[in-house]
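Model the full structure from these sequences, guided by the hints.
Protein chains: 2
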Amino acid sequence: MRVHNFAAGPAALPLEVLERAQSELTDFNGLGMSVMEISHRSKDFVAVAAESEALLRELLGVPDNYAVLFLQGGATGQFAAIPLNLTAPGDQVDYINTGAWSTKAIAEARKFAEVNVIADEQASNYSTTPAADTLRVTDGAAYLHYTANETIGGVEFGYLPEAGDVPLVADLSSTIMSRPLDVSKFGLFYAGAQKNLGPSGITVVIVRDDLLGRARPQTPSVLDYAVMAGADSMLNTPPTFGWYLLGLNLQWVRDTGGVTAMAERNQRKAETLYAAIDGLDFYSNPVETRSRSWMNVPFLLADSSLDQEFLTQAYAAGLTNLEGHRSVGGLRASIYNATSQESVDALVAFLKEFERTHA
Amino acid sequence: MRVHNFAAGPAALPLEVLERAQSELTDFNGLGMSVMEISHRSKDFVAVAAESEALLRELLGVPDNYAVLFLQGGATGQFAAIPLNLTAPGDQVDYINTGAWSTKAIAEARKFAEVNVIADEQASNYSTTPAADTLRVTDGAAYLHYTANETIGGVEFGYLPEAGDVPLVADLSSTIMSRPLDVSKFGLFYAGAQKNLGPSGITVVIVRDDLLGRARPQTPSVLDYAVMAGADSMLNTPPTFGWYLLGLNLQWVRDTGGVTAMAERNQRKAETLYAAIDGLDFYSNPVETRSRSWMNVPFLLADSSLDQEFLTQAYAAGLTNLEGHRSVGGLRASIYNATSQESVDALVAFLKEFERTHA
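Same order as they appear, the protein sequences are chains A and B. Number 295 in the UniProt record's numbering belongs to position 295 of the first sequence; there are no gaps in the numbering. Number 45 in the UniProt record's numbering belongs to position 45 of the second sequence; there are no gaps in the numbering.
These aren't lab readings, by the way, just hints derived from the structure by calculation. Any given hint could be a false lead.
Given that identical chains are not distinguished, each listed pair holds provided it fits within a single copy or across any two copies.
Unchecked claim - Below are the BS3-like pairs computed for lysine-lysine, each with C-alpha atoms no more than 30 Å apart in a straight line: (1) K185 to K352; (2) K352 to K43; (3) K104 to K352; (4) K104 to K43; (5) K185 to K104.
Next comes the structure, spelled out in structure tokens:
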């Protein structure tokens with residue numbers, strides 16, 4: 001029996017995707033081998049890779065002057081790769097700090113460049129995003145980096161920061177493919193796959209052509225965008241099974257109606273859950289309304305001593321992975337693309353029942 | 001129907017491993033979720049990770065003063081990580097060049113350190129390994145690096161290079177777990193998983209404690225051994241499915257008799273195949289006898305214009321992935337742990353029949 005899975009990442013995958021992978025796990029394309037057992041340079045795998053890229057381009061509307069890379073190392077690898085590829089020593093870079101992931105990105109960037117934190121939401125305990133008209137980008141900054149959605153704080157930008165001529169760089173790990181995106185506004189964005197794209201172990205980087213070829217001489221080749229773009233992301237053996245599953249997942253997005261349909265589903269799921277939290281006295285969400293995430297909904301019980309009982313009873317009801325992040329505690333429901341309205345409805349019913357029996 | 005798979009990597013996996021993964025792909029441990037859909041910090045996944053490490057330590061006899069890391073980026077990532085972690089700018093490092101992979105490792109190391117190539121087998125067209133007693137390690141070198149097995153050339157060291165007090169560093173991507181190893185002789189070794197350990201996308205690094213904590217300040221955190229060791233290889237989200245499959249594969253090695261049994265199987269497979277190649281006039285292997293690989297057996301037809309017909313007929317007979325590497329052409333059979341004696345016997349029967357009908 002499958003459960004309602006609210007994991008923050010690695011996260012729920014569509015059952016159809018898993019069942020497809022399961023059905024061909026020992027025999028892919030009638031080859032008599034698993035997709036894991038064939039060369040990444042075989043025509044069968046090259047087709048998987050090319051179809052994934054074509055689908056990603058189609059679904060997100062990626063212009064031709066952007067390269068699409070499939071790398072290893074996660075968003076944390078990109079925290080280093082971005083300054084290594086886009087700056088020279090001594091360059092200034094701008095960052096917006098909206099919480100835990102921004103903070104990590106900033107700390108890593110400081111190894112390589114002069115970081116200006118042009119907005120920091122610490123005063124609100126990272127429950128806000130800066131007002132769009134307060135951002136002042138540094139003249140000559142190599143880029144402006146922001147975290148479109150903070151998975152721990154549950155804070156999401158409702159707008160694209162305006163960076164003028166400075167390339168806009170974004171961590172979209174938890175929002176990519178959740179709603180339409182104007183790719184042309186970005187210099188670069190990246191996403192670990194394990195929330196909305198597939199399993200962990202594969203990272204998508206989409207980068208404008210004019211930003212390629214600037215890497216520092218001491219950039220590890222596996223993190224050098226121009227090298228990887230020149231090799232179709234196959235400088236060395238890529239994570240083939242993850243890439244294949246990412247492709248199956250993108251097929252599911254397309255067959256479900258694309259990013260517009262994802263956005264409608266996600267908005268409805270989020271509105272359902274926030275309405276329940278706001279409408280019940282026993283629960284609260286600390287994030288300012290305009291910055292509430294569609295993807296990660298942290299919430300608190302009026303009596304935090306009941307957290308463990310809440311989790312135990314939820315688990316018994318088939319509602320899993322509702323613990324808050326270990327750094328902040330409390331509770332959290334992550335509701336990425338693959339989490340259904342039915343799962344959200346089941347959670348809301350549970351919230352009501354738990355309040356009725358415990359408040 | 002499963003085929004006889006001689007792929008060089010990603011390579012054959014034991015059918016038992018694939019079937020186990022298949023059986024629990026939508027419901028791992030009775031959780032109602034795939035192993036891909038749970039947090040890497042959940043107790044179920046942490047158990048997978050811990051069991052994998054314990055099995056790797058047990059099978060290879062890894063002493064307690066070595067850290068075992070599970071990283072992303074492949075061997076090519078390690079080509080950069082090794083000098084970043086083990087040298088300061090200006091340090092000298094020694095490399096042995098025995099072919100394509102050594103050459104790549106050397107090129108990447110030159111970005112970071114002063115590389116001395118203390119032996120280079122170019123004169124034999126990389127069909128040899130240096131004589132053990134000719135190696136002269138540089139005084140004060142930060143390490144000596146060698147490639148224990150060259151997958152393209154089919155050349156394998158029959159001995160461990162003697163580096164004295166200089167840490168010995170080895171790329172064991174294609175030989176790890178194929179035969180017993182005296183881990184205590186190494187400062188560090190590493191292996192992309194996609195030959196003898198599991199699927200692509202996960203890389204094992206085993207490093208002696210005293211070599212940790214020396215990384216350059218500008219080392220990307222995902223490649224920093226001390227940072228990763230301190231985080232149990234979970235600084236960020238690891239490639240969970242690959243890690244899980246690696247664990248299943250290690251269970252298969254243990255249940256099959258461990259590395260001693262693997263060595264016996266592998267030696268017999270290699271001897272069977274080389275005996276056939278040497279015994280038939282129509283085939284040849286260019287590698288000096290003492291340096292012939294147990295894992296990768298390149299071979300040439302007396303008439304190379306028949307290569308394509310050989311491959312077509314072999315494929316029809318259920319023998320796949322026998323193309324030589326695209327950089328060298330010819331033919332190659334890779335016979336890692338998961339390739340059975342039965343597959344090698346089938347290949348030998350085909351070699352004989354093809355010679356009979358085409359010589």
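Consistency of the hints with the structure:
1. K185 to K352: Neither way: K185 and K352 sit 42 Å apart in one copy and 62 Å across, limit 30 Å.
2. K352 to K43: between (53 Å within a copy, 29 Å between copies)
3. K104 to K352: For K104 and K352, the Cα distance exceeds 30 Å both inside one copy (36 Å) and across copies (61 Å).
4. K104 to K43: So K104 and K43 pass the 30 Å test across copies only (25 Å; inside, 39 Å).
5. K185 to K104: within (24 Å within a copy, 37 Å between copies)
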